[in-house]
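Trainee: Here the sequence shown stands for residues 162 to 331, where the numbers follow my numbering.
Warning: the hint list may mix true and false statements.
[Unchecked claim] Here are the simulated SDA-like cross-link-like pairs (lysine to any residue), alpha carbons at most 20 Å apart as the crow flies:
| no. | residue 1 | residue 2 |
| --- | --- | --- |
| 1 | 305 | 262 |
| 2 | 234 | 188 |
| 3 | 305 | 235 |
| 4 | 305 | 248 |
| 5 | 305 | 230 |
| 6 | 234 | 293 |
| 7 | 305 | 265 |
| 8 | 234 | 279 |
| 9 | 305 | 273 |
| 10 | 305 | 251 |
| 11 | 234 | 259 |
| 12 | 305 | 271 |
| 13 | 234 | 278 |
| 14 | 305 | 293 |
| 15 | 305 | 217 |
| 16 | 234 | 260 |
[To be verified] What follows is a list of derived Cβ distance ranges for each label pair:
| no. | residue 1 | residue 2 | range |
| --- | --- | --- | --- |
| 17 | 195 | 302 | 29 to 37 Å |
| 18 | 280 | 224 | 26 to 34 Å |
| 19 | 201 | 301 | 49 to 57 Å |
| 20 | 303 | 191 | 32 to 40 Å |
| 21 | 280 | 199 | 35 to 43 Å |
| 22 | 249 | 194 | 51 to 59 Å |
| 23 | 269 | 201 | 27 to 35 Å |
| 24 | 294 | 262 | 18 to 26 Å |
| 25 | 312 | 191 | 52 to 60 Å |
| 26 | 269 | 199 | 32 to 40 Å |
Keep in mind that the hints were calculated from the coordinates and are not lab data. Just so it is clear, the structure is predicted and the values come from calculations on it, not from any experiment. Built from N, CA and C at the ideal position, the CB exists for glycine as well.
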Amino acid sequence: MPCGSNHPLRPAAVPPACRCANEGSVTSTQIAVTALGAVAIVWVLWYFLFSRGTAVAATAGAGGVQEVHVTVKGGYTPDTIVVQAGTPVRLQFYRDETADCSERVVLERFGIDQQLPAFQTTTVEFTPEQPGEYPFRCGMNMLKGLLVVEPPGERRAASSPHKFHDARRE
162 MPCGSNHPLR PAAVPPACRC ANEGSVTSTQ IAVTALGAVA IVWVLWYFLF
212 SRGTAVAATA GAGGVQEVHV TVKGGYTPDT IVVQAGTPVR LQFYRDETAD
262 CSERVVLERF GIDQQLPAFQ TTTVEFTPEQ PGEYPFRCGM NMLKGLLVVE
312 PPGERRAASS PHKFHDARRE
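Work out the full structure: start from the sequences and follow the hints.
Mentor: What follows is the structure, encoded as structure tokens:
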């Protein structure tokens with residue numbers, strides 16, 4: 162009698178001696194699916210918890226204003242901006258999408274909640290007075306970035322802005 166077939170006298174019962182040869186073994190498909198699942202989990206964790214785009218230091222524009230162009234498309238590029246305290250900042254947000262999440266940019270610490278029309282550049286200007294790290298985000302709190310304000314005259318490498326932590330930060 163072949164494995165897996167019912168016993169002729171008791172259709173619902175299969176004798177214990179009748180077991181398939183590969184029962185309990187793992188197939189190559191199961192291994193591949195498990196490996197792909199593990200890779201996907203690692204990628205999601207890295208993307209949401211550990212990835213950080215390159216920081217950009219503001220460049221001096223007309224009148225000594227610090228200026229940075231930020232593209233908004235599924236996030237902020239750059240997502241970390243380094244500026245000097247006490248000098249006016251001009252952020253130029255170009256929203257390259259129509260997703261509801263990116264309709265607004267919020268810099269709470271500076272009292273800014275600005276509408277960002279799709280496929281247009283919107284200028285946000287303010288002067289950060291205190292050094293520290295200040296998050297900015299979309300109106301739904303899904304897209305996030307960081308404004309690093311350094312003490313006047315101090316310039317760190319733009320690739321490592323997170324070495325600066327000010328105890329006065331709230």
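Trainee: Hints first: check each against the structure and report whether it holds.
Mentor: Here is how each hint holds up against the structure:
1. 305 / 262: This hinted pair holds, its Cα atoms lying about 11 Å apart.
2. 234 / 188: violated (42 Å)
3. 305 / 235: holds (10 Å)
4. 305 / 248: violated (23 Å)
5. 305 / 230: holds (16 Å)
6. 234 / 293: The hint is violated at about 26 Å.
7. 305 / 265: holds (12 Å)
8. 234 / 279: Roughly 10 Å separates the two Cα atoms, so the pair holds.
9. 305 / 273: The hint holds at about 15 Å.
10. 305 / 251: holds (18 Å)
11. 234 / 259: Between residue 234 and residue 259 the Cα gap is close to 9 Å, so the pair holds against 20 Å.
12. 305 / 271: holds (16 Å)
13. 234 / 278: holds (12 Å)
14. 305 / 293: Satisfied, since the Cα-Cα distance of roughly 17 Å is no more than 20 Å.
15. 305 / 217: holds (15 Å)
16. 234 / 260: The given pair, whose Cα atoms are some 8 Å apart, holds under the 20 Å limit.
17. 195 / 302: 29 to 37 Å: holds (34 Å)
18. 280 / 224: 26 to 34 Å: holds (28 Å)
19. 201 / 301: 49 to 57 Å: violated (25 Å)
20. 303 / 191: 32 to 40 Å: The hinted range 32 to 40 Å holds for residue 303 and residue 191, with Cβ atoms some 35 Å apart.
21. 280 / 199: 35 to 43 Å: Because 39 Å falls inside the window, the suggested range holds.
22. 249 / 194: 51 to 59 Å: For residue 194 against residue 249, whose Cβ atoms are near 55 Å apart, the range 51 to 59 Å holds.
23. 269 / 201: 27 to 35 Å: holds (34 Å)
24. 294 / 262: 18 to 26 Å: For residue 262 against residue 294, whose Cβ atoms are near 23 Å apart, the range 18 to 26 Å holds.
25. 312 / 191: 52 to 60 Å: holds (57 Å)
26. 269 / 199: 32 to 40 Å: With a Cβ separation near 38 Å, residue 269 and residue 199 satisfy 32 to 40 Å, so the hint holds.
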